[in-house]
Amino acid sequence: MRAVSEQLALLPGYLTAHLQLALVALLVGTAASVPLGVWVTRRRALESGVLGVASVIQTIPSLALLAIMVPALGALGAITASAFGLELRSIGYLPAIVALTLYSVLPILRNTVTGIDGVDPALVEAARGVGMTDRQRLVQVELPLALPVIVAGVRTAAVWVVGTATLSTPVGATSLGNYIFSGLQTRNTTAVLVGCVAAAGLAMALDQTIRLLEAGAAARDRRRLALAAAILAALYGYTAVSFAAGRAGPAAEHPVRIGAKAFTEQYILTELMALQLERQTGLASERVSSLGSTVAFDALRGGDLDVYVDYSGTIFATIMKRDAQGVGRAEVLESVEGFLRDEHGIVHAGALGFQNTYALGMSAARSRELGVRRIGQLGAVAPRLEIGGDYEFFQRAEWKALVAAYGLAFRRERSMDPALMYEAVRTGDVDVISAFSTDGRIVAYDIVLLEDERGVIPPYDAMILVSPGLAERSPAALGALRGLAGLLDEATMQRLNLAVDRDKRGPAEVAREFLESSVAR
Amino acid sequence: MIELHELTKRYGAQVAVDRLSLRVEAGHTLVLLGGSGCGKTTTLKMINRLVEPTSGEVRIEGRDASSMPPHELRRRIGYAFQAVGLFPHMTVAENVGVTPSLLGWERERIRARVAGLLERVELPPAEYAERLPGELSGGQQQRVGIARALAAEPELLLLDEPFGALDPLTRDRLQRWFRELRRELGVTVVFVTHDMVEALIVGDRIAVMREGRLVQLGAPRELLENPADDYVSELLETPRRQSRVLEDLLGARRE
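If you read the protein sequences in the order shown, they are chains A and B.
Sequential numbering of the first sequence, starting at 1, is according to my numbering.
Sequential numbering of the second sequence, starting at 1001, is according to my numbering.
Honestly, the hints are just simulated from the structure, not real lab data.
Stretch by stretch, here's where chain B covers chain A in the computed footprint (C-beta under 8 Å, at least three residues):
hint : region
1    : 111-123
2    : 127-135
3    : 141-148
We put the beta carbon where it would ideally sit given N, CA and C, even for glycine.
Next up, chain A with everything else stripped away, as it sits in the complex (with noise of 0.2 Å):
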């Protein structure tokens, strides 16, 4: 019951947000859709074309729109920061807004265009010919009647939208998606489940207020009217208000923004920072959490992240585009600090000790049947194998590289959510996964790490990664973050991680003892 009241406590906060994406979207998909689709009515050549790009929209998965986003936003704030000096931001509220409101047009222009069509051509030819202009038809005629489809299109993109926003936590902006995503990594079934029934209940809510709407303009009910519309505007009042709260803020002294991947460590180490910078300079943070991998790194080049944790080997291959085979621990770290350095001003405050590298694993008792100790020794028995990896996994260069050195080839390769594949691998459902190495499952679950003899897999320090922008706008962070090197092995991160994904506990109270404990020191 604490677990539940606990995640209730969120409830507010990620509702809050949840509603202002879906409503702000939902407005203007309405504002930008309803006119373009009149004004295709009127130009009938122009119809196949615009529908057709509305559809082509909404078959790119929806995950996948908001992730384009983030660099597209990126490439255009580039744009207008040089031609009229105006910042976008590529990571947040903007580019969630944006890719939600695309989402959104397709039903409403649909219907609009069908509701417009639908109209009796006796009803046009009777305005026309009592003397109405052409917008005077539209207006008095046209529009009342299309209403209703109309409507029940923008019942359709609503629930949509309340739907998909729950995907815009990784590109940054807090939705009640941050109880699902974060929910899911910690293995917090209660997080994942009141994040799903608030977003079915929020949907369901929409869903009702804009059918009073349809049924009331369908049998033109004014009472039925009304009231939907009181609902639906103190809503929007709602939305508004707490919106320009949030933005009342002292402006000035911008709180830090941290940022998280998506996985348990990243919170518990995005705690850490939090917490070391709050006790040492008194800053306040913002975390932002469950970013896709790449759009972290975007967003802490673009500024809109001021600190986050990314691991040497990622960097070195992903971004870097360096093959890691025969290089050393050291030389890497180096080389990676000083790209960052020099090619986007990346400052890196230090590392944090310990490595989370790739690392494929096996249970205990399938290594010892097999004899498999090393990666070596799996080339023979692959094909009779199923290997599972995270989603990323098998398209980066880290796979193809073991591929290639060690000849695998096995039977199949599944793709999971990196929070079930300790569990797949232990039940047996997998022979093998990509594991992380600091994961204290791999201690809980007995799961055995096997040995890259021939050092194909890069070294991963964990680095603390620092924009420019912090870094030259305030020493005292910097130099805090800086205090964090060193502090942490390989041991204790998967301690911490199993305190979290096992014992159930938040991070926020994994890294305050942690960190009390090693100041304690």
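Given chain A's structure and the hints, the job is docking chain B onto it.
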């Protein structure tokens, strides 16, 4: 008074109306009569520019119809058609008052005009003004349609088979009612129909059309006595032939 001069409408290679010239005196009713596809509806719609002529001219009270914006022209011309087209989201009163309000009449003047017209079309305003069109019968809807066409005190009324979709009893009643009405109002009317009997009942003069051309124009009696060709005489024969068939049938039964 309206005059059509060499009025022509072509759709690609097809000629819908071919150099039609005629005139209608003020206060008279002209019937455009002919089978489907003869061009009578196209001719009517060229008068209020629902269809733009390919060439030729329409003059209303001596003024070229193409010299003003179409919506202004249409506000001066009443128009009612078979499908009626009452706006389903407006009350009967709002439907009748639509052109006056487009013209910017004062609210009180519109109200009085609508009430007067509803009396005239035998739909007492107290009972019918606030109803929606969906609650009316077909005959009542058509009368509202005609009231709407008359609302802005037009100089000219265009009617396109206004009673075509009604049952025979209602049609008969409305035809007789319309004869009375136009006599009272003294409005100029162009009335399209394919029904010979209807043409004889409502028309001062009848213009018979065929394949886009005017075949004959004259008072009903002139046409009956002096048909221009076989088509006209056959057309005029239909009601008599039908009544003879009826008499035979009824007579045979009596014996």
